[in-house]
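In order, the protein sequence lines correspond to chains B and H.
Heads up: the first sequence begins at 52 in this note's numbering, then just goes up one per residue.
Heads up: the second sequence begins at 20 in this note's numbering, then just goes up one per residue.
Honestly, the hints are just simulated from the structure, not real lab data.
Keep in mind that this is a model prediction, so the values were computed, not measured.
Check before you lean on any hint, since a few could be wrong.
To be verified - Chain B residues, not near chain H, derived (Cβ > 12 Å throughout):
1) L69
2) P89
3) K141
4) K220
5) G253
What the hints assert, rightly or not - Ranges between beta-carbon positions, derived for each pair:
6) B/V67 to H/E71: 46 to 54 Å
7) B/P154 to H/A121: 31 to 39 Å
8) H/G59 to B/D83: 40 to 48 Å
9) H/I79 to B/S82: 21 to 29 Å
10) B/G245 to H/A121: 57 to 65 Å
11) B/Q188 to H/V55: 54 to 62 Å
12) H/I35 to B/R184: 45 to 53 Å
What the hints assert, rightly or not - Per the computed footprint, the stretches of chain H lying under chain B, defined by three or more beta-carbons under 8 Å from a beta-carbon of chain B, are:
13) 44-50
14) 58-66
15) 115-122
Just so it is clear, CB atoms sit at the ideal spot from N, CA and C, and this is done for glycine as well.
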Amino acid sequence: MSIFGGLVAVALIAAVVLILINRPGAGEDISDIAAAAPLDAGIPTNGRVMGQEGAPVHVVEWGDYQCPGCGYFNRNMKSQLIADYVATGKITFEYRDWAFLGPDSIRAAQAAFCAEDQGKFWQYHDTLFMNQRAENQGDFSATRLKEMARQVGLDMEAFNQCYDNETFKDEVEASYNEGKQAGLTGTPSFMINGQLLQGWNGRYETLKAAIDQALAQ
Amino acid sequence: MIRGTGWQTASLALAIPGLLVAGYLTYSHYDTGALVCTIGDCKTVQNSPYAEIAGIPISILGMGMYLAVIGLGFLRRTRPAWASTATMAAFALVLSGAVYAAYLTYLEIAVIEAICQWCVTSAVLTLGILVAEGVLLWRFLGAGESEIA
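Chain B on its own, in the form it takes in the complex (with noise of 0.2 Å):
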């Protein structure tokens, strides 16, 4: 018996370790990821674009999935602006990438890019902020952004082989380029008509006071 009792811990002992091994590790935790909800129904979307064609203002933010202020106005401003100003049809909102914070935040936006490929853009953008914690701890590793994804309820084949392939690592540069063309210093940013507001003290009203002002003239 001391025989069976010996091949019985080893099988057991070599078990745990494969077990351990295959457990996700730092950055690979995908315990806490949690999908946001879709965008509502109602609000037309264009890939990356919300809100109905013709509105009189077009504000453009300039962000990165890791930056903690994008991340505060994504996720306690974003639904105010909505129901003032998209959802009444005064403006169409647009997100344009800004990474520039690590390759955690161009990992983010080559993925939201793969999502928008799959007309999913706004729920995964949502998703990315709602799942945001420290900036290059790897919490936008490919495992979690292909769990995000998953939770969002993309074709995960055409994803991963999206993801995997750096399909949009142009896409995500060009935006880049074009960001430090237009003098961004730092995200959040905001364009309200092509114009930057200059000096965003992170206050909605702020916000609001320059879009009200867009739309007076």
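On the provided structure of chain B, position chain H as indicated by the hints.
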């Protein structure tokens, strides 16, 4: 000789389809279009972060286990002097594989929330081989090492 030729045959008879299933899962890991799934959602399981260990598809581990069981089975039949060692090695290997397969099945149900019919097939085959190898080992231990070779 180890008594129980029927169990030895059963072990081999289960390991061969197991090898084919693991081989198919490995092939379809790299060519996802080849994955046919009539029950469950194999693609979700195949695309999950648990489908690989350090970049290696876990189905390759399965192929290794089934190949080893087949190899040890042939060794047991052709080299009686190695029969006891082959039986112990096969049992330990398959017990390890069965525990790991149980963990993977738990992941499919509780974490990934998708079932892969081929993975479940492989787990059931592994369980069957474990029973066969367990009986062979039990007989070996009951007979005593002197009666093995």
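Outcome of the hint check:
Separation of B/L69 from chain H is inadequate, the least Cβ-Cβ distance of about 5 Å not exceeding the 12 Å criterion. With a least CB separation of 19 Å from chain H, B/P89 remains clear of the 12 Å interface cut-off, as annotated. Distance to chain H confirms B/K141 as a non-interface residue, since its nearest Cβ pair spans about 41 Å, more than 12 Å. Every CB of chain H is more than 12 Å from the CB of B/K220 (nearest about 21 Å), matching its label as outside the interface.
Under the 12 Å C-beta cut-off, the non-interface status given to B/G253 relative to chain H holds; the minimum distance is some 35 Å. In this structure the hint that B/V67 and H/E71 lie 46 to 54 Å apart at CB is violated, the actual value being about 19 Å. Restraint check, B/P154 to H/A121: a C-beta distance of roughly 37 Å satisfies the suggested window 31 to 39 Å. Here the CB-CB span from H/G59 to B/D83 is close to 26 Å, at odds with the stated 40 to 48 Å.
With their beta carbons about 26 Å apart, H/I79 and B/S82 fall inside the hinted range of 21 to 29 Å. Separation of B/G245 from H/A121 is about 60 Å and conforms to the stated range, judged on CB atoms against 57 to 65 Å. With their beta carbons about 39 Å apart, B/Q188 and H/V55 fall outside the hinted range of 54 to 62 Å. Here the CB-CB span from H/I35 to B/R184 is close to 47 Å, well matched to the stated 45 to 53 Å.
By the rule of at least three residues with a Cβ nearer than 8 Å to a Cβ of chain B, the coverage given for the stretch 44-50 of chain H is violated, with 0 such residues. Counting residues of the stretch 58-66 of chain H whose beta carbon lies closer than 8 Å to any beta carbon of chain B gives 3, which meets the minimum of three for the stated coverage. Counting residues of the stretch 115-122 of chain H whose CB lies closer than 8 Å to any CB of chain B gives 5, which reaches the minimum of 3, so the coverage claim holds.
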